[in-house]
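Protein chains in written order, with my numbering: chain L, 1 to 287; chain A, 1 to 287.
Calculated directly from the structure, the hints in this document are not laboratory data. Possibly wrong hints are sitting among the right ones.
What the hints assert, rightly or not - Have a look at the derived ranges for each label pair, beta carbon to beta carbon: (1) A/Arg139 x L/Lys201: 28 to 38 Å; (2) A/Tyr161 x L/Ser251: 27 to 37 Å; (3) A/Asn108 x L/Phe51: 16 to 26 Å; (4) L/Gln27 x A/Glu6: 41 to 51 Å; (5) A/Ala31 x L/Asp165: 39 to 49 Å; (6) L/Phe51 x A/Pro23: 13 to 23 Å; (7) L/Glu6 x A/Gln281: 45 to 55 Å; (8) A/Gly166 x L/Lys201: 30 to 40 Å; (9) L/Phe51 x A/Ser251: 18 to 28 Å; (10) L/Asp165 x A/Pro23: 45 to 55 Å; (11) A/Glu6 x L/Gly19: 46 to 56 Å.
What the hints assert, rightly or not - In silico lysine-lysine, DSS-like type, Cα no more than 27 Å apart, as pairs: (12) A/Lys249 x L/Lys201; (13) L/Lys255 x L/Lys156; (14) L/Lys67 x L/Lys255; (15) A/Lys126 x L/Lys67; (16) A/Lys249 x A/Lys126.
What the hints assert, rightly or not - Below, a sample of chain L positions facing chain A; criterion: calculated Cβ distance under 10 Å: (17) Glu42; (18) Thr195; (19) Thr254.
The beta-carbon is built from N, C-alpha and C at its ideal position, and this holds for glycine as well.
There are 2 protein chains.
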Amino acid sequence: MAEFSEAELTDAVLERLAGTPDPRLRQVMSALVRHLHAFIREIEPSEAEWFQGIEFLTATGQKCDDKRQEFILLSDTLGVSMLVDAINHRKPSGATPSTVMGPFYVKNAPELPMGADIASMDVGPKARVSGKVTDAAGRPIAGAVLDVWQGDSTGKYDVQYAGLDGMRLRGRFRTGNDGRYDFVTSLPVSYPVPTDGPVGKMLTATGRHPMRPGHVHFIIGAPGYETLVTHIFPTGAEYLDSDAVFAVKHSLVTKFVPRAAGTNGPDYSASYDFSLEPSAQARQAAE
Amino acid sequence: MAEFSEAELTDAVLERLAGTPDPRLRQVMSALVRHLHAFIREIEPSEAEWFQGIEFLTATGQKCDDKRQEFILLSDTLGVSMLVDAINHRKPSGATPSTVMGPFYVKNAPELPMGADIASMDVGPKARVSGKVTDAAGRPIAGAVLDVWQGDSTGKYDVQYAGLDGMRLRGRFRTGNDGRYDFVTSLPVSYPVPTDGPVGKMLTATGRHPMRPGHVHFIIGAPGYETLVTHIFPTGAEYLDSDAVFAVKHSLVTKFVPRAAGTNGPDYSASYDFSLEPSAQARQAAE
């Protein structure tokens with residue numbers, strides 16, 4: 001018969017995990033149990049507090065659906081997503097830095113021609129965003145796909161509108177031999193992460209604001225290169241110093257320049273060049 | 001503008017939590033971030049592994065409903081529930097020890113007369129369970145309510161049968177002046193914790209069996225005493241040395257004695273006396 005004292009319990013659980021066939025899973029589960037038990041031993045929760053924790057996690061899972069990922073939002077607001085990002089992108093090489101994906105990405109945005117306006121249904125100021133996708137040496141990458149998404153001029157993503165069918169402010173652009181891209185979107189505005197769920201309650205209870213500085217989301221992929229998940233932020237955007245998800249990086253901030261008086265075209269224009277790292281496979285092949 | 005390096009991120013999140021108005025919440029959230037980040041720094045998850053974690057937590061939340069609490073099951077199988085139990089019941093006083101509540105408790109079981117058979121719909125061997133509820137000095141406690149629940153002779157709880165309305169193998173019993181209780185139930189059998197959800201997958205992946213030794217659940221409450229959440233286990237039950245939720249305690253194991261040949265009544269009988277601790281309020285009033 002096996003009875004475990006308070007002191008023995010952690011070792012008892014670790015021993016039970018020792019037979020995990022997959023060595024990586026054994027390592028992850030053992031570390032999880034050690035850190036989780038250390039957390040419990042430090043805070044010594046009452047049974048009511050433990051149950052509050054159970055209820056918070058349950059509500060977080062139940063807030064998720066095909067358009068909302070509350071556990072990603074929790075990971076984002078606790079700095080975990082950016083920590084995982086930092087761990088996975090340690091080798092600075094002049095490549096454009098990555099940042100969080102956030103909870104609003106939707107697959108299969110329409111592929112559009114260069115210059116297309118993804119914000120035609122929106123009413124606010126427009127911005128032309130253009131530049132190049134290159135390798136570390138500045139050579140243009142042909143056939144790179146830029147998957148772009150953004151909130152509208154009121155700070156909301158299409159998926160946040162109940163009953164809205166179809167996509168808005170989303171598009172995919174494929175570079176030609178010059179590596180250039182070019183599209184029109186809304187001028188990014190700051191907005192709150194969704195606050196109607198458990199994460200919103202956590203932010204309120206901890207006295208934190210839910211705001212993010214305005215930004216345009218990108219996933220950029222090309223054969224032979226690491227896929228880049230990133231944003232660009234307008235210079236001077238509000239909340240650049242207190243992003244609710246800790247995702248700002250200096251080199252992702254770029255000027256959105258107002259249109260010169262007497263000229264035509266979008267209200268603002270921004271130019272940003274993305275530099276991609278070779279994929280691990282491509283690096284190995286080159287060695 | 002605030003950009004945080006891998007090394008700076010944890011402190012940046014802690015600083016953001018420093019304004020939490022409630023001091024206990026500030027302590028809990030800060031400890032959570034330190035331990036969670038330490039876990040991430042130790043295992044260095046790939047982005048795919050991080051997303052597997054997000055998906056596991058989401059599925060765990062989504063498996064919960066009014067009859068199923070998968071996060072409690074996760075807490076149980078990772079030894080967290082018994083650790084919280086140990087932390088909250090440190091003062092040994094001769095009182096009966098507590099153990100996990102498990103995921104199958106249902107409120108408002110019918111109040112029944114002493115001697116009632118809560119297993120009348122079940123087909124397996126029966127057991128009479130009886131004894132006293134007393135204080136530490138062995139004095140009977142009148143008006144104690146024993147809330148009893150149990151799996152049936154196939155190892156399933158009523159809530160695990162799809163479409164079964166009404167309760168089975170549940171009842172509440174209220175002691176009189178002699179502190180005695182007495183009811184008939186099924187002979188407890190070992191059974192698996194639910195394995196059709198994320199926790200079941202985790203047990204399989206870590207090479208662990210899902211079995212619990214047979215037991216009868218009790219919540220025992222009386223005015224002026226700490227409410228006791230516990231089980232009794234039959235002596236010799238299978239899995240007493242490897243309970244999937246680490247919940248066995250020596251002093252909760254008791255003999256279920258077969259009926260003597262030629263006598264009447266249930267197939268087995270077990271006698272167990274519960275001893276309750278005074279509530280914190282009652283202890284303060286006595287000082």
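Indices of hints not satisfied (ascending): Violated: hints 1, 2, 4, 7, 11, 12, 14, 15, 18 and 19.
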